[in-house]
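Please model the complete structure; the sequences and the hints are all you need to start from.
If you want the building blocks of each chain, they are given just below.
Protein chains: 2
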Amino acid sequence: MTTLPDGGLALSPLEEQLLPPGVKGLPLTAPLRQHMIGLQGWNVLHADTSFPVALLKTAVLRHNLDWMRAFCQRHGAVLAPHGKTTMSPQLFGAQLANGAWGITLASATQVQVAARFGVRRVLLANELVAPADIRAMLHLLRDDPAFELIALADSLEGVVRLAEAVTAAGLRRPLPLLVELGLAGKRAGCRTPDEAMAVARAIASAPGLQLAGIEGYEGLLVSADRDADIDRVDAFLRQMVELVRQCDGEALFTGPRIVLSAGGSAYFDLVARGFAGLPALSRPVLPVLRSGCYLTNDHGHYLELTRELDAREGRGDGLQPALEVWSMVLSRPEPTLAILGMGKRDASHDIGLPRALVRHRPGPGRPVALDEGWGIEKMNDQHAYLRLPETAAGELAVGDLVGCGISHPCTTFDKWPLLLLVDEAYRVTGAVNTFF
Amino acid sequence: MTTLPDGGLALSPLEEQLLPPGVKGLPLTAPLRQHMIGLQGWNVLHADTSFPVALLKTAVLRHNLDWMRAFCQRHGAVLAPHGKTTMSPQLFGAQLANGAWGITLASATQVQVAARFGVRRVLLANELVAPADIRAMLHLLRDDPAFELIALADSLEGVVRLAEAVTAAGLRRPLPLLVELGLAGKRAGCRTPDEAMAVARAIASAPGLQLAGIEGYEGLLVSADRDADIDRVDAFLRQMVELVRQCDGEALFTGPRIVLSAGGSAYFDLVARGFAGLPALSRPVLPVLRSGCYLTNDHGHYLELTRELDAREGRGDGLQPALEVWSMVLSRPEPTLAILGMGKRDASHDIGLPRALVRHRPGPGRPVALDEGWGIEKMNDQHAYLRLPETAAGELAVGDLVGCGISHPCTTFDKWPLLLLVDEAYRVTGAVNTFF
Numbered sequence: 269m270t271t272l273p274d275g276g277l278a279l280s281p282l283e284e285q286l287l288p289p290g291v292k293g294l295p296l297t298a299p300l301r302q303h304m305i306g307l308q309g310w311n312v313l314h315a316d317t318s319f320p321v322a323l324l325k326t327a328v329l330r331h332n333l334d335w336m337r338a339f340c341q342r343h344g345a346v347l348a349p350h351g352k353t354t355m356s357p358q359l360f361g362a363q364l365a366n367g368a369w370g371i372t373l374a375s376a377t378q379v380q381v382a383a384r385f386g387v388r389r390v391l392l393a394n395e396l397v398a399p400a401d402i403r404a405m406l407h408l409l410r411d412d413p414a415f416e417l418i419a420l421a422d423s424l425e426g427v428v429r430l431a432e433a434v435t436a437a438g439l440r441r442p443l444p445l446l447v448e449l450g451l452a453g454k455r456a457g458c459r460t461p462d463e464a465m466a467v468a469r470a471i472a473s474a475p476g477l478q479l480a481g482i483e484g485y486e487g488l489l490v491s492a493d494r495d496a497d498i499d500r501v502d503a504f505l506r507q508m509v510e511l512v513r514q515c516d517g518e519a520l521f522t523g524p525r526i527v528l529s530a531g532g533s534a535y536f537d538l539v540a541r542g543f544a545g546l547p548a549l550s551r552p553v554l555p556v557l558r559s560g561c562y563l564t565n566d567h568g569h570y571l572e573l574t575r576e577l578d579a580r581e582g583r584g585d586g587l588q589p590a591l592e593v594w595s596m597v598l599s600r601p602e603p604t605l606a607i608l609g610m611g612k613r614d615a616s617h618d619i620g621l622p623r624a625l626v627r628h629r630p631g632p633g634r635p636v637a638l639d640e641g642w643g644i645e646k647m648n649d650q651h652a653y654l655r656l657p658e659t660a661a662g663e664l665a666v667g668d669l670v671g672c673g674i675s676h677p678c679t680t681f682d683k684w685p686l687l688l689l690v691d692e693a694y695r696v697t698g699a700v701n702t703f704f
Numbered sequence: 269m270t271t272l273p274d275g276g277l278a279l280s281p282l283e284e285q286l287l288p289p290g291v292k293g294l295p296l297t298a299p300l301r302q303h304m305i306g307l308q309g310w311n312v313l314h315a316d317t318s319f320p321v322a323l324l325k326t327a328v329l330r331h332n333l334d335w336m337r338a339f340c341q342r343h344g345a346v347l348a349p350h351g352k353t354t355m356s357p358q359l360f361g362a363q364l365a366n367g368a369w370g371i372t373l374a375s376a377t378q379v380q381v382a383a384r385f386g387v388r389r390v391l392l393a394n395e396l397v398a399p400a401d402i403r404a405m406l407h408l409l410r411d412d413p414a415f416e417l418i419a420l421a422d423s424l425e426g427v428v429r430l431a432e433a434v435t436a437a438g439l440r441r442p443l444p445l446l447v448e449l450g451l452a453g454k455r456a457g458c459r460t461p462d463e464a465m466a467v468a469r470a471i472a473s474a475p476g477l478q479l480a481g482i483e484g485y486e487g488l489l490v491s492a493d494r495d496a497d498i499d500r501v502d503a504f505l506r507q508m509v510e511l512v513r514q515c516d517g518e519a520l521f522t523g524p525r526i527v528l529s530a531g532g533s534a535y536f537d538l539v540a541r542g543f544a545g546l547p548a549l550s551r552p553v554l555p556v557l558r559s560g561c562y563l564t565n566d567h568g569h570y571l572e573l574t575r576e577l578d579a580r581e582g583r584g585d586g587l588q589p590a591l592e593v594w595s596m597v598l599s600r601p602e603p604t605l606a607i608l609g610m611g612k613r614d615a616s617h618d619i620g621l622p623r624a625l626v627r628h629r630p631g632p633g634r635p636v637a638l639d640e641g642w643g644i645e646k647m648n649d650q651h652a653y654l655r656l657p658e659t660a661a662g663e664l665a666v667g668d669l670v671g672c673g674i675s676h677p678c679t680t681f682d683k684w685p686l687l688l689l690v691d692e693a694y695r696v697t698g699a700v701n702t703f704f
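Keeping their order, the protein sequence lines are chains A and B.
Using this note's numbering, the first residue of the first sequence is number 269, and each one after it goes up by one.
Using this note's numbering, the first residue of the second sequence is number 269, and each one after it goes up by one.
What the hints contain is simulated information worked out from the structure, not anything from laboratory work.
Glycine is no exception: its CB is placed at the ideal position from the N, C-alpha and C atoms.
Treat each hint with caution, since some may be false.
[Unchecked claim] With the Cβ distance kept under 7 Å, some of the chain B side facing chain A (calculated, not the full set):
# : residue
1 : PRO295
2 : PRO299
3 : GLU395
4 : ALA398
5 : PRO399
6 : PRO461
7 : HIS651
8 : GLY667
Shown next, in the form of structure tokens:
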């Protein structure tokens, strides 16, 4: 895979755009059309790019896409990957081409970005409250009869607000909503089944709205105690399933199917199992998973979590990290300290600092793997502090490259308007854009 | 000031651009030319925008610009504000119109962004090492004889690299460099005066290079112990001044002036005082301060630091916070918990979490100030958890607005491609773009 499949999205305006000098990672001295990037013969290992640079390994993306398709087939679930992770139309296209049911998003402006590039089914996994945001969503629905949007509600106030807006807008089809079930002390969502049922009944009886299913986010339960997490996730999923049964028993669902959605990037196997084997209800139940981080995975938090997931699945072919940030040694001011030109503006720092994977002196040859003695110990806005073992002081010079893995893809993607696609030899084959 | 002075920069392409629906903060259902933003009659207090939204209070920007111009005049220093803070051409323009000597930047791609919009003098306060980045900088210098760039060096390898590149490029004028003096255990920069002198001599004798001065960054000394900081900063500045004397004594400077540059956003008063009153050298010494955060200040780390600075100056008219992020209450799942639609993608979280300043029910009336009992206790990628006092449980509903201050402007600016300018009544008067 040297280019990504487009999934029918309208990506040519991105490929045709003229990129000016100044885009992070690109070594431009004159504007360049984006589709020409893969034809320049750039190789990161030869230091042909600007640094820092964010890289996506296309072979690993392909592996992760295939893995997730097989996972969903095995479990009888569909995937609406959380697009907020990457906010990249090209990656949305690859996910849709790979069979994704839709794209999940977190805000109205994110939905507008997806719709602009041709995404036709969106799960807005968030409460839709601001008047301008509601107007924007209703505009999309009115503008394009083929555009589908499902949003969340967790309060009677929220339901009233949406019902009034839909009526005022004269939307000809009902707005489908999922009731969000929450967790005590955690984020949004009804705290008890009774509260959730009250919201569900309000939706079902409101003009212009349709109760389309139940939603929850078990990812908020990730803690240091995995065994306890698993019990809590299972209990939460049982509560969601019970809520679906109760709503169905009261004939509150009126759409063609019942959407039952959960599944972050840590415990989506538990979700798939918890949603499987529901007894027959009045209409088909569609389990919708929403993992966003499966596509690139990472070298930290999510690699650890998905390795455990892979073990629970009893397999050995799990998700692999596809995203790296490479930077150059700008200074070697002390024997065990190197200063890299990569900072908080370039790599995630919210869950863990980047992990130094390899060093490489630009030119032929393969990068050298770094052992545990090498580590990023701090980042400023534009710099990282790489500590190296005393015995390795002679191995790293000004102008050498250091390839880093990151922890938490969401907060690295949002630092790069453009990421480069590379093959196994770190040859640049193309680029993807992001819209944050 | 309803619009910002452009400082002679080429900003009309930004004002003329057609913004598509999907830009964070903008309530668009159809594309809008940027210069039309201020004519829409939007008021944040009426919830006319999308949320979250990032706001710059123009009256406060004006105050901070005036304050800084007066400060520099008082101390006989010039300002090359660090542009990496905002990366906003419109704000660069306002700073240049306010008398800034140039713009400081941290990377080659940042310099390209500034040059693209017409910035004519850049201090690249970083080592310039990557071949593509060196080529890009030499291209700018060759392309436009009026473009000035000064960069840093802290190693003999770095000097050789730059000298070779300048010679190979056939640049007709020398590349001016400052020797970076560093601090033990801190970031880049020579660790001893001897090392710094060796680099200075190498620059002075290298073909194509010119020793233009000495640079350091005292901002790395900010700690919890202010008194100790001040002593350390003073000692560091004395070392820099001594280095300038020594270089001048060896006749290593050959340019029209000697640049002596330091000054982050915490201790620039110490820098201005430390650089004042140098005895006469072979040519004029130009003290160049580089504060980036003075322009917007913040409601956290920098507000505290600049209040202390203002006290040291013996004044009472100090820098004020101009940057706020407003979001809407999406959920009120528990009496003392509100979930806001603002997350790690929208507001700084690296030095401190945002500070909840005011609440407001959209419509007429003024926002209500929040006391210490209200606080953001956590953020996810797209959400904040606002804890409120039990006694205030009835005061905040779904759909209410919460205005937050942030700590560390650099890591809020980089989360917004566009920030809205507002007047004292939160009426939207325009917008500025950022290029990260």
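Ascending list of hint numbers which this structure does not respect: Hints 2, 6 are the ones this structure does not satisfy, whereas the remaining hints hold.
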